[in-house]
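Visitor: One letter stands for each residue in the lines below.
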Amino acid sequence: MDKQTPQGVKLGPKEKQKEIIISMFKKAIASEVIDTVLLPMKVPSGDSYAWILIKDKSFLDKAEPFAPIMPINAAHAIKRLTRKGKAQYKTAVLIRPCEIRATVELVKLNQVCLDDVLLMTYDCIGAVPMDDFIKNPEIKEKEFASFQASGEFNSACMKAVCGFCTDFNRTSSDIHLSLSDRGIFISSNSCKGDEFIKNSRLTPDEDLSDWTKKLEIIESVRETKRKQVFAQTAGETDGIVNFHKIFESCIGCHNCGSVCPICYCRQCFFNSSVNEQNSDLKIIRAEQKGALSFPNDKIMFHIGRLTHMSLSCVSCGLCSEACPVNIPVANVFSYVAAQTQTAFDYKAGKSTGDALPMRDYRSEELGELGELVKSVDKQEGLNA
Amino acid sequence: MIEKIGIFLCECGPNIASKVDIDKIAADISALEDFKDKELVVKRHKLLCSVEGKKYLEDEIKSNNLTHLVCAACSPRDHDATFIGVCKKTQLNPYLYTIVNIREQCAWVTPDKAEATQKAVRLIHSGMNRVLYQEELFEKQLESNPDVLIIGAGIAGVQAALNLASKERTVYLIDRASELGGKTTRLHGLMTEQGSSLNMISQKIAKLSKNPFIKVFKSTILESIIGFQGNFEIVLKDLNNNETYEFMAGAVIIATGYDLLNAKKTDCFNFTEEHDVRSGIEIEALMSAQKRVLKKNGKAPLSVGIIHCAGREKVGYCSKICCNYLIKISGYLRTMYPEIPIIHYVRDLCLPTKDSQSHYKDAVSEKIEFQYVKNLSVTGESVKFTDNYGKTGTGDHDLIIYANAVIPSPGSAELAKLLNVDLDEFGFVKEAHLKINPVSSSGDGIFAIGAAHGPADVADSIIQAKAAAAKISTQLIPGQKIIPEIRVAEVLEAYCTGCQTCLKICKYGAIYFDEAKAVSVVNEAVCRGCGNCVGSCPSGSIRSKNFTNPQLFQEVKEAVR
Amino acid sequence: MHKAVINKDRDTAVREMASYLLDSGRIGGVFSLKKFKGSESVDYGLITDKGLLEYIHPFYPVMPQNAGQTLSKFTKMTKPVLAIIRPCEYRAFVETVKRAQGSPDNFITVTYTCGGVIPLADHAKGLKNDVLENYNKAVSEGKNPQNTRENCRRCENFYPENSDILVSVIGAKKDTAEIFINNDKTKGLLEGSGITITKGTFDKAGLKNIIEERATVKKEQFTSIDKIGKGLNGLVEIFGRCIGCRGCNSVCPICYCTQCDFSSSNFDYNRTIIEKELEQKGALRLPPDTVFFHIGRMSHMAFSCVGCGQCSDVCPAGIPVGTVFNKAGEAVAAEFDFVPGRNVEEKIPVMMYKEQEFPEMGE
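Chains as they are written, first to last, in this note's numbering: chain A, 1 to 384; chain B, 1001 to 1561; chain C, 2001 to 2363.
No wet-lab data here; the hints were simulated from the structure.
Where is the CB? At the ideal position from N, CA and C, for every residue including glycine.
Among these hints, one or two may not hold up.
Pairs of lysine-lysine residues, derived as DSS-like cross-links and limited to a Cα-Cα distance of at most 27 Å, are as follows [claimed, not checked]:
1. C:2137 - A:55
2. A:42 - C:2276
3. B:1517 - C:2276
4. B:1210 - A:108
5. C:2199 - C:2218
6. B:1088 - B:1054
7. C:2230 - C:2037
To be clear about the criterion: a stretch of chain B counts as covered by chain A if any three or more of its residues have a C-beta under 8 Å from a C-beta of chain A, and this derived list gives those stretches [stated by the list, open to error]:
8. 1068-1077
9. 1100-1114
10. 1220-1230
11. 1489-1501
Build out the structure end to end from the sequences listed, making use of the hints.
Guide: Structural data, given as structure tokens:
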């Protein structure tokens, strides 16, 4: 969290969150501060939500700004919209903090362009597991709404990753909506945000540090949980035998990779022809140990995915949701990501200005090797 | 079509034959189970790289109508190109051949003969596996571009332009200043006055402007450059209106001259605007303009102190040109002011040119003094020094003239980055070899002349300009064909998502981004086939021709069995 | 057809037969479901060491992959492999052979009368409350097991007739193995195994009850799809929850494309195009083409849908993909008198060019 919490503008009482937000977007579109907005809407069958890009204000009445579930990480939607081509419209997106962070990472991977995109987020109480919701949509919706209203940040009804998420509030967005007990406040985190607030004719003049302090308490509860979960995961994944065990029932469907906002490859390396072996090789491998399991090399897939994306993992938890055999993928990946990111002093999603460690070439690196290079240099005299 | 694989075992004189059992290798290779359905032609030869050996190989490829070839011999660094050359004379595409190193990687390092033999069989088997997955690749021919870009229109650049330009070779001469000639246009005279050297220089510049094969760009800088010798794609930018100009050239000469270290940074001066403390080049400018040297108050000086080596310790090298020009300047002063004290404060004297000694003798005979010092400091126009015996002394003057250290031209670091050439520890362009190859840089086709790579006088600049021109004339012949690297990288457009990881990692600037399709594309003319991009792509959407994953996998599969 | 009755526990009999074939060098390996010691998971394995055959559980009621997909990825082998797979997996394999994906000579196929499989998630949670025992009991009594996949409960093609070997499982006592051998080649392979082979055919009569029950369930299930809605609106209702993970595509044995067109740059619109569409419609779902993908996939593979239900089982949104596709697939295939997996020589209707077609239109 920022050391200095920006000042905010009160938009209205907490009980009227949905109406306030919808009205804010209606005004913004009418006054052309923005042209389009990305918000969740219920699907026709009523038991899930989808991201809808809205231009016609009348659709806003059907929108559900604080959807109880996160079936798709909004970064996917933003990627599909902005990856290539020029923007005609200024788009605002109101998404969860982890979705903001995933979007920030995709900017660095050249998959998202934030031109004419206004990132907005809010204090997130978590998301209900999708399959729980689908089984009982009405009940879960009511439950979620009541937690949202009461500001219950530690409900056990949310996804496992939400329970140990410490980045659930102010993050690298342009605009933040504080859903405090005193009311809904809008504040800016960036120049784009400042512009939006100014153009909306709002003056940030209220101090939000009391709410910030309350959120800090919740953060520490989450931090404790995080330590617990990681300690448990450490034990469960210690050594290759245990690591294998936790992924034992994996069927190699690659759903986890498909739903992950960071996994941007059009064709996963592990689906490519590189990994297809002719039958002779399958027999040779089988003969080495007496048997060969299928799918082949499924642990390699997970290790490979960890290697490729753990530096950008934002712990959104979609991987666990999508796994048909209930492997706690998000716990394992979050645990590893916390370590790899710490090793490089890097925090995924914190800022588009932070260069991605392994991908970023720095000519001044590993200074201790520089001495070695200098001495070799002196001896070279190229062809005259 | 049945594959017919030729496996040629080179004995390499005794190098291989004495360490492995060639007969057994031949027998084992011929009997490989997984090659039963292919036709194998297994032969041995004493020395495949010899004239006779190459002819033998050529004849065998032709007469056996081989579809693939494996040469079990020495290191690819020695003879990969040799055998590719042989294949080119036959029906066999040279990229359906592979070399297996059974010398450095086997015979020379495995003491036990039986073990070495078995290892050789496995290495050859790996190569055979690999070669079956190789694809035909075809050379492209580019016409080498003979034109030259010269960056910097000082005396070095001007000379090089005059020597290079011809009907078959256009020279693009650029300078960021609005006038040509660089520092020489500010001089009053050169030390060696065989005729008016400056006139000669102005004549060169005039000749240049009349030469139809020299395109001059004033107030222009290099915006970008990619490519390699014979094939550079260059973009220039006009500083006045930011317009760009694109063209192709085959070589680049860096002739960006030098700058002078700010006196305040030399740690020996303490003066303000009011004091009469002038650099050598300022005096030259005064002489050029007024033909006289006067103090700032318009009066004649009564005592002149001339400071050598200002900043020499700081930069770490001798700037070479200063002792000569300071003696020249003291000569001007003596002519103007026959009686006043003129004292050179000198650490060491550097008099390298043939006539420097006589100028020095003249100076001494004209009662110009030379005070050797160990260290000194100058406050205002007063000098305090310690000589080599530890004795201190002072000099009270009313005009101080100093020579400040020659340093790289501003913007040298950025230019070096654009051109991808190395700089030395002082920031000058680094020569390929200080003594043996002084006008070439670390980049093929990129040369550095004159003060761009270190302190140089007019003679040095002209000599080096001619040297670089001579090199280019022999290396970059108009009409010459170059064959760019064939084993390049290739993006599989269907799988690329344009994350630009490969683009960022390419040292040669060989990958560009197609905005419309949002994918990366390899410029095959520039790619050197290093493969860094292939390693960097997380999805494997970029592949290396002739080093594809299936090829490498097949090779390794046998090796690690 | 030939028959063999082995008075041994079914699993043991199959293991011994496999062991004999492996020993004799007539096969290069055995492909079957296996559960190694100390492991909770059951997955497919290719076994070459006969000592490990004790760990195969050929009739275990779980389908981690559709083995037809796995087998279709085997390139030509020098020696065949004995593959023990379910009827729907066998039929899927046949459909892949028609698309030049699988090599039939690679395998000596063994299938069996299948009671169905337990959903993946249920199996992963751990088999509590005697789920497995109840399953085995039902099967041995010739009854439909409860708690199987939705697809399995309506599957009428659970007794294949074209595999090399058929093992009777439903209604058969566990301590006796009844094996049917479909061709002379396979009979020849078993020579010297000690298995007494006589003439005999497989009698479907004992499966009548199950077939009838399943037919009823099928009607119910297909009707329930109709109830959700018909036409495009119906598809939007059904696939509204879809999150575009492409899991269904990934696990489908028929979907063999290295890169699905819907995942390719062909369907990767740039912002200008999306915003133009937005202008016309006022609001647009992102990512786009949710239902389009399913319609596309259906039009490409529904003819060959064997109803294995793997797609429904991996769907994170619990969409009855398998039922919808199977329903549509059967309907269109019926128009051409085509049944997927029935006969490897039977060409797939829309992938086959006939010079004389629809003569009535020529008039």
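Visitor: Does the alpha-carbon distance linking residue 2137 (chain C) and residue 55 (chain A) stay inside the 27 Å limit?
Guide: Violated: residue 2137 (chain C) and residue 55 (chain A) sit about 59 Å apart, past 27 Å.
Visitor: Confirm or reject the coverage of the segment 1068-1077 of chain B by chain A under the rule of 3 or more residues with a beta carbon closer than 8 Å to the chain's beta carbons.
Guide: violated (count 0)
Visitor: Given the proposed pairing of residue 2230 (chain C) with residue 2037 (chain C), does the C-alpha separation stay at or below 27 Å?
Guide: Distance ~49 Å between residue 2230 (chain C) and residue 2037 (chain C) Cα, so the pair is violated.
Visitor: When you check the alpha-carbon spacing of residue 1210 (chain B) and residue 108 (chain A), does it fall within 27 Å?
Guide: violated (52 Å)
Visitor: Tell me if chain A covers the segment 1100-1114 of chain B under the three-residue, 8 Å CB rule, please?
Guide: Contact hint for the segment 1100-1114 of chain B vs chain A: violated, 0 residues under 8 Å.
Visitor: Has the given pair, residue 2199 (chain C) with residue 2218 (chain C), been kept, meaning a C-alpha gap of at most 27 Å?
Guide: violated (35 Å)
Visitor: Please check whether the segment 1220-1230 of chain B has three or more residues whose CB lies within less than 8 Å of a CB on chain A.
Guide: violated (count 0)
Visitor: Just to make sure I understand the rule, a stretch counts as covered if three or more of its residues have a C-beta closer than 8 Å to a C-beta of the chain. Does the segment 1489-1501 of chain B meet that for chain A?
Guide: Since three or more residues must qualify, the claim that chain A covers the segment 1489-1501 of chain B holds, with 8 doing so at under 8 Å.
Visitor: Within 27 Å, alpha carbon to alpha carbon, are residue 1088 (chain B) and residue 1054 (chain B)?
Guide: holds (12 Å)
Visitor: Going straight from one Cα to the other, do residue 1517 (chain B) and residue 2276 (chain C) come out at no more than 27 Å?
Guide: holds (18 Å)
Visitor: Could you grab the alpha-carbon distance between residue 42 (chain A) and residue 2276 (chain C) and see if it respects the 27 Å cut-off?
Guide: holds (24 Å)
When held up to the earlier numbered hints, the structure conflicts with 1, 4, 5, 7, 8, 9 and 10 and fits the remainder.
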